[in-house]
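*Asks:* Here's the letter readout for the chains.
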Amino acid sequence: MDDISIVLCGEAGQGVETIEEILTKVLKSSRYNIFATREYMSRIRGGINSTEIRVSPKPVRAYVDRIDLLFAFSNKSLDHLKERISEKTLIFGDKEVIGELQNVIDVPILKTAKNVGSVIYSNTVTAGLISALLNVSEYELRNFIKKYFERKGEEILKKNLEAVSEGFKLAKELIDSGINIKVKKSDDLSRDIGKDILFSGTEAVALGSLAGGCNFISGYPMSPATGVISFMASHSKEFEIIAEQSEDEISAINMAIGSWYAGGRGMTTTSGGGFALMEEGVSLAGMTETPVVIHIGQRPGPATGLPTRTEQGDLNLALYAGHGDFARVILAPGTLEDSFYLSKYAFSLADKYQVPVFILTDQYLLNSQYNIQSLDYNKYPTKKYVVKTEKDYQRYLFTKTGVSPRGIPGFGEGLVIQTGNEHEEIGHTTENATLRKNMVEKRYYEKLNQLKNEVIYPELLGGKAYKYLLIGWGSTRCIVEEALKEIKEPKLGFLHFKQVYPLPREMMGYLINAQKLIVIENNASAQFANLIKMETGFEIKNKILKYNGRCFSVEEVVTRIKEILED
Amino acid sequence: MEAKDYDVRKVDISWCPGCGNFSILRILKETFAELGIRPEDLAVVSGIGQSSKTPHYFKTNTFHSLHGRALPIATAVKAINPNLTVIAEGGDGDMYGEGGNHLLHAIRRNPDITNIIHDNMVYGLTKGQASPTTMLGVKTTLQVNGVILEPFNPIAFAIALNASFVARAFVGDIEKTKEILKKAINHKGYAIIDLFQPCPSYNKIQTYEWFKNNTYYLEETYNPNDRIEAFKRSLETEKLPLGIFYVNQRKTFEENIGLYENNKDPISFRERNQQIITEFIDSKMR
Numbered sequence: 001m002d003d004i005s006i007v008l009c010g011e012a013g014q015g016v017e018t019i020e021e022i023l024t025k026v027l028k029s030s031r032y033n034i035f036a037t038r039e040y041m042s043r044i045r046g047g048i049n050s051t052e053i054r055v056s057p058k059p060v061r062a063y064v065d066r067i068d069l070l071f072a073f074s075n076k077s078l079d080h081l082k083e084r085i086s087e088k089t090l091i092f093g094d095k096e097v098i099g100e101l102q103n104v105i106d107v108p109i110l111k112t113a114k115n116v117g118s119v120i121y122s123n124t125v126t127a128g129l130i131s132a133l134l135n136v137s138e139y140e141l142r143n144f145i146k147k148y149f150e151r152k153g154e155e156i157l158k159k160n161l162e163a164v165s166e167g168f169k170l171a172k173e174l175i176d177s178g179i180n181i182k183v184k185k186s187d188d189l190s191r192d193i194g195k196d197i198l199f200s201g202t203e204a205v206a207l208g209s210l211a212g213g214c215n216f217i218s219g220y221p222m223s224p225a226t227g228v229i230s231f232m233a234s235h236s237k238e239f240e241i242i243a244e245q246s247e248d249e250i251s252a253i254n255m256a257i258g259s260w261y262a263g264g265r266g267m268t269t270t271s272g273g274g275f276a277l278m279e280e281g282v283s284l285a286g287m288t289e290t291p292v293v294i295h296i297g298q299r300p301g302p303a304t305g306l307p308t309r310t311e312q313g314d315l316n317l318a319l320y321a322g323h324g325d326f327a328r329v330i331l332a333p334g335t336l337e338d339s340f341y342l343s344k345y346a347f348s349l350a351d352k353y354q355v356p357v358f359i360l361t362d363q364y365l366l367n368s369q370y371n372i373q374s375l376d377y378n379k380y381p382t383k384k385y386v387v388k389t390e391k392d393y394q395r396y397l398f399t400k401t402g403v404s405p406r407g408i409p410g411f412g413e414g415l416v417i418q419t420g421n422e423h424e425e426i427g428h429t430t431e432n433a434t435l436r437k438n439m440v441e442k443r444y445y446e447k448l449n450q451l452k453n454e455v456i457y458p459e460l461l462g463g464k465a466y467k468y469l470l471i472g473w474g475s476t477r478c479i480v481e482e483a484l485k486e487i488k489e490p491k492l493g494f495l496h497f498k499q500v501y502p503l504p505r506e507m508m509g510y511l512i513n514a515q516k517l518i519v520i521e522n523n524a525s526a527q528f529a530n531l532i533k534m535e536t537g538f539e540i541k542n543k544i545l546k547y548n549g550r551c552f553s554v555e556e557v558v559t560r561i562k563e564i565l566e567d
Numbered sequence: 001m002e003a004k005d006y007d008v009r010k011v012d013i014s015w016c017p018g019c020g021n022f023s024i025l026r027i028l029k030e031t032f033a034e035l036g037i038r039p040e041d042l043a044v045v046s047g048i049g050q051s052s053k054t055p056h057y058f059k060t061n062t063f064h065s066l067h068g069r070a071l072p073i074a075t076a077v078k079a080i081n082p083n084l085t086v087i088a089e090g091g092d093g094d095m096y097g098e099g100g101n102h103l104l105h106a107i108r109r110n111p112d113i114t115n116i117i118h119d120n121m122v123y124g125l126t127k128g129q130a131s132p133t134t135m136l137g138v139k140t141t142l143q144v145n146g147v148i149l150e151p152f153n154p155i156a157f158a159i160a161l162n163a164s165f166v167a168r169a170f171v172g173d174i175e176k177t178k179e180i181l182k183k184a185i186n187h188k189g190y191a192i193i194d195l196f197q198p199c200p201s202y203n204k205i206q207t208y209e210w211f212k213n214n215t216y217y218l219e220e221t222y223n224p225n226d227r228i229e230a231f232k233r234s235l236e237t238e239k240l241p242l243g244i245f246y247v248n249q250r251k252t253f254e255e256n257i258g259l260y261e262n263n264k265d266p267i268s269f270r271e272r273n274q275q276i277i278t279e280f281i282d283s284k285m286r
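Protein sequence lines correspond, in order, to chains A and B. In terms of the numbering used here, the first sequence is residues 1 to 567. In terms of the numbering used here, the second sequence is residues 1 to 286.
Treat the hints with care, since some could be wrong.
[To be verified] Covered by chain B, per the in silico footprint, the following chain A stretches (three or more residues, Cβ under 8 Å):
| # | stretch |
| --- | --- |
| 1 | 189-199 |
| 2 | 375-387 |
[As the list claims (entries may be wrong)] Pairs of lysine to aspartate or glutamate, EDC-like flavour, derived with a Cα cap of 20 Å:
| # | chain 1 | residue 1 | chain 2 | residue 2 |
| --- | --- | --- | --- | --- |
| 3 | A | Lys82 | A | Asp68 |
| 4 | A | Lys195 | A | Glu140 |
| 5 | A | Lys383 | B | Glu271 |
| 6 | B | Lys264 | A | Glu238 |
| 7 | A | Lys391 | B | Asp41 |
| 8 | B | Lys183 | B | Glu150 |
| 9 | B | Lys284 | A | Glu140 |
| 10 | A | Lys195 | B | Glu279 |
| 11 | A | Lys25 | B | Glu279 |
| 12 | A | Lys237 | B | Glu271 |
| 13 | A | Lys391 | B | Asp7 |
| 14 | A | Lys562 | A | Asp65 |
No lab work stands behind these hints, which were simulated from the structure alone. For glycine and all other residues, C-beta sits at the position ideal for the given N, C-alpha and C.
Chain B extracted, bound-state conformation (with noise of 0.2 Å):
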């Protein structure tokens, strides 16, 4: 598979000129067809934002929800039929904002789904106001006085979850993303991907060489397996560390049904025999 086998004809791309969607766009079409993931056999769940409109303009089974909602949905899809690539795809305001109780116990859930996460520490949509993520002062035309909650650390706090797959990225490193993402996808279990993105229109802090000079990527001998090593480097900020923090390889939800281990099929393509109603109702129920 090539990367133009993603490409969607006739396409009005909404986002601004010099927008990082742009780039994880590429990221996302390079990454499924080097992975071989036909668009038919990928479904990609988003939420609302700009970043969620992202799988109208690739070639994807897509289910554009609503503000928050994506991994319920994601969850359930890939529940009722394991044999897709499921991914959840949102922003910072989606998933760390509107969503975040479902980010919380989808961690806990571990349903074999990658979730990405736009970070752009802004809200693009609505026009400018803080996000979860946006940093303490920042003025916005809301926070007019500047942000004053303490932005939210996704990866301490799916690390604190124990989740199965800790990672974050930074779009400006286009093969470096690519490769934490196949990461992702192979993952067995749900992987958390933060990934940073500037916003060209509403952040005028965070640009392409802000992340350049504060982030740096963890070196190649450390050990994602190591949870108290993970949890402290994903509190580091002065300069933020990107790659892969944790890796915690445990049951799926799928796993946990209890419905796919001697049968392989989706829940969804099996037939039931309207007898072993009939047949519970006369032997229990009589």
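Excised from the complex, chain A in its bound form (with noise of 0.2 Å):
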């Protein structure tokens, strides 16, 4: 088998996630390449979640609907993952947990776990059974064990490394019984796929962001978004940033901007629903050109919406939020490498030219991990443009690019005066018709001119000639990106757009060299597809949507795309 994928199915609060945390990086050390993600209700308790992990000899970043391997852990397992339960899927589960059903092959994971003291060894005795099933060596998981658990204390150690040999064991009566899971490991001979980095797109903005001198983050918390401030929360004092939970999106949104008024380099965190409250933020911003990075974890609207679940439905908003004119910036990062140097790249872009900066991610992209060979640091290099003021310094001086030299209180002889009202080149209010003609130019056209000359082109995948050319952006990439080398069709084509706003001057150029064009998004109204009409004149009639609030797979997109070419 070239990769296989293993799901695990649970409710709420039995553990899913913590199997998969040490699953990953275990599999990952024994040198195979890993793709996890989860879907998940919106519940504390109960409900019925599943998390996907490939393995795989090959890299692997997008999700399938295919299972292999299933892990019931809930009696609602079965049923909620019916439609991607094949023939081939091998599913297990304790009869004591999820009853007699057909087609399980019985694991006593629970009488197992409580011989070893208590239930909650479950995940413990379940990932040492994944990890024999897959051939980790037991040494490796106990060493990895030892390190998860070693601030829990030695009664709890100990007892977790005997759930590792209790699931070992279970794993030894099956492959007895002549379960054989065969999986290859990495292929690349070239390294060692063990060191890798592993992190998830939620730790890659993160972690991006610090990297770009993110040295404030304020937010209200909201699924998906929230991970970003919590991991900064958690690392506040290494990285010496302020992290705050507001009391609403508002006030998350002008802190950023304070932030950066006095000189720090601020970003929210949110959903769509939370950025809603957020426009007037970013329209303050936009007038008084301070810099400020929103990050919006996409999820499905309007309103409340699907709280947990995925979609691309925000590129609108983010596009028209704010009332009057000014520019912005809108980059969608495809791939984890993309979401640390495209968060990294946002503040440095904020600050030289003093517009807001989103980052639009999505549940999906938040909430999957796999495994990167490296990350190049001196990649968009981290640039600051704050100036030291003189005694005549204006904040809004007239420039021949539209960007003025942006001083903060406290840091020369100047004076920073800043208003959210129109106004002169010193900052202060005025209702001159003249200067309001200039300054509107100096904020919308200008900018906007400078930002198109430093766009970060689409990226064309698959067939550089091509006859037919899909267009996407942000976090479908990877998914088309597999379905393409599924389809093996060398006159197709991929365009993905990891910056979705400015387009790139020459877009039309893309567009006309095709004879069939797709977009494939994940809402409903094509909203990028929207965007490229407005901006082009140009129409693309075949489009790949999907909108139930879960990500795309490859296999439907495979055969979305073949029906599409076939027509």
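Quick one: dock chain against chain with the hints and give me the complex.
*Replies:* Encoded structure:
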């Protein structure tokens, strides 16, 4: 088998996340390529959630529907996943927990855990069981468990090590009964996969932001974007970052703006519903030309929508947020590397042009993790643009580029005067019509023009001499990329945008070369295709859209592309 | 420093003749001069309204922001650069109405900033509607049958939330107001000053005369550390007390952040070594 897809399915509070955490790390150190993602209900306890872990000799970075091994921890698991279970799926479950079910291989996990000392050891028993089935050495897992439970005290560590051994014994019984799971370890002999970086979209955004010099983050908790601020809060001391939970999203964005005004590099993290409350803040940043970085982890709306699920439905919101005309940038990473790089880049870009910069991710990307070889820390070097002010400093001085040198209070002899009202160069309010016109042009046309000079171009994947061209943005990237490999159509290209606004000036050039254009988006209205139409007049008629709150799967993309190509 | 050091040349002040804001402007300039705070070291963040225009009329770093939003901005400014003296300024509509939630949580968060609220019990900029502090029964162009909402009592509210410094002043008494303001600015922690001011254009009830007749100063022997007594006094309505109601020294937001204990440099001026990111990833993620 090339790669296998393992799915763990249970209720919230059953510890599936712990098993995922142990397995992904241990499997990676055992030189497997790993991809993991999860889908879950908006519940603290109960409900039914699942985690997919792909284990492969080759790098894997996308969600598949296929399930090779299913570990069912609840009697609801099989029903929850019925559309993904095939005849080839091996289903493991504990009769004592999920009851007598057809086609389920009984594994007495609960009884084993109880024998070790408590039901809570079920997680470690399962981790041991799966590791053993995948040919991970017991030594390797024990070493990991030692580190993992080190701080929990000797007794707990001892019990967990015992649970590991019991898990291995359970696996041996299964193997002896004829169950044989073969999956190759990494076939890349040039490097040790075990030394790869393994992190999630959430961690990539947080670490990228820190690399970009972020030293202030404010946010109001909202799935799926909270992880970024939680990560920073847990490492606040070592990175010297202020991480503050604000009273509401309005406060969050205003705090972030305030931090930039005083010389910091602030961001806020939220989802669409929270961002809706931040709109006037975006407008304030636009008018006062204060940089700000806004991370939106998209989830399905409108209103509360599906709090824990995924969608690419907030592009329009980010694009049009805030009253009045002013320039902005919207970045939408498609890989974990880009989640790091673009989050880093967002801060220098915001600083340079004094505009709001959006990082648009979604639940799928934030909750996905896979191993990557390395990061290029020299990419998008962190630059700062604050100037020391002179006595006669003017915050909104007209310049050729539309960008005025930005001073901060307490650094130099000048005064930094900002206002959300229309203003003169010095920063005091005005109603002068000529000044108004010039200031609008400065904030909108001139900056936008500069930003277009720095556009990150889309990446052309698949067939370079394409006849058919797929267009996508953000988190769908790796799913489509894997689908292309399966379709094997040399005339099919995939143009992936990691900057969705502003678009490159040469946009038409990509479009006119294709006989058939297909847009793929995780939303209902093809928001990006509409943006392309608005910017170029070019209408993309073929649309692969999905808006049931779930991410695309590789299989589904393959089928839907084929349908359009054959049409 | 002298008050004139804060003068701005060529300024077109948009307040009505006789507005209490003129006195507040003078009070502010004299207070900062007497405290020796240079305009460059001062940051005044304001919201929207006639009062929020004040920082345009004297020399200071200014962030004239959005309606009700001065407090979150001011909080972040102080946190990222504690060397600045930070003032959040606005009116009764701005701070008590639009910004009410921020007020509540600024008191809880306790940043070392001074919050000055020009309280004229009416909306000026939007021309005479009721504000959160307008008295019951007062008729306006919008509250045509008179105000039916219970007036907001900022002093009782702040004391109930255990605010760090709670005071009320009246612009008609420049010296006393300066004295209170100086104590508020020197106080370490969040300080709220509800500053009574008349609005000659839209408030025909609360005139200079009215404030004089309906206020009194808390006596010399009054103990501002007694929260229960402070709360009692804050509820008085027959005559409204002026002065410092309550002082409660507690840890400021900047102290609680935990990043200034061993290093006093403002966060805004600290450089992050890229290597700590690399090392973090190499040690924790590999």
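*Asks:* All hints, please: hold or fail.
*Replies:* Right, here's what the structure says about each hint:
1. 189-199: holds (count 5)
2. 375-387: As far as the stretch 375-387 of chain A goes, the hint holds, because 3 residues have Cβ atoms under 8 Å from chain B.
3. A:Lys82 to A:Asp68: holds, 13 Å
4. A:Lys195 to A:Glu140: Given pair Lys195 (chain A), Glu140 (chain A) holds - Cα atoms ~14 Å apart, limit 20 Å.
5. A:Lys383 to B:Glu271: Holds: Lys383 (chain A) and Glu271 (chain B) sit about 11 Å apart, inside 20 Å.
6. B:Lys264 to A:Glu238: holds, 16 Å
7. A:Lys391 to B:Asp41: Holds: Lys391 (chain A) and Asp41 (chain B) sit about 13 Å apart, inside 20 Å.
8. B:Lys183 to B:Glu150: Between Lys183 (chain B) and Glu150 (chain B) the Cα gap is close to 31 Å, so the pair fails against 20 Å, i.e. violated.
9. B:Lys284 to A:Glu140: holds, 17 Å
10. A:Lys195 to B:Glu279: holds, 14 Å
11. A:Lys25 to B:Glu279: Roughly 18 Å separates the two Cα atoms, so the pair holds.
12. A:Lys237 to B:Glu271: holds, 14 Å
13. A:Lys391 to B:Asp7: holds, 15 Å
14. A:Lys562 to A:Asp65: holds, 17 Å
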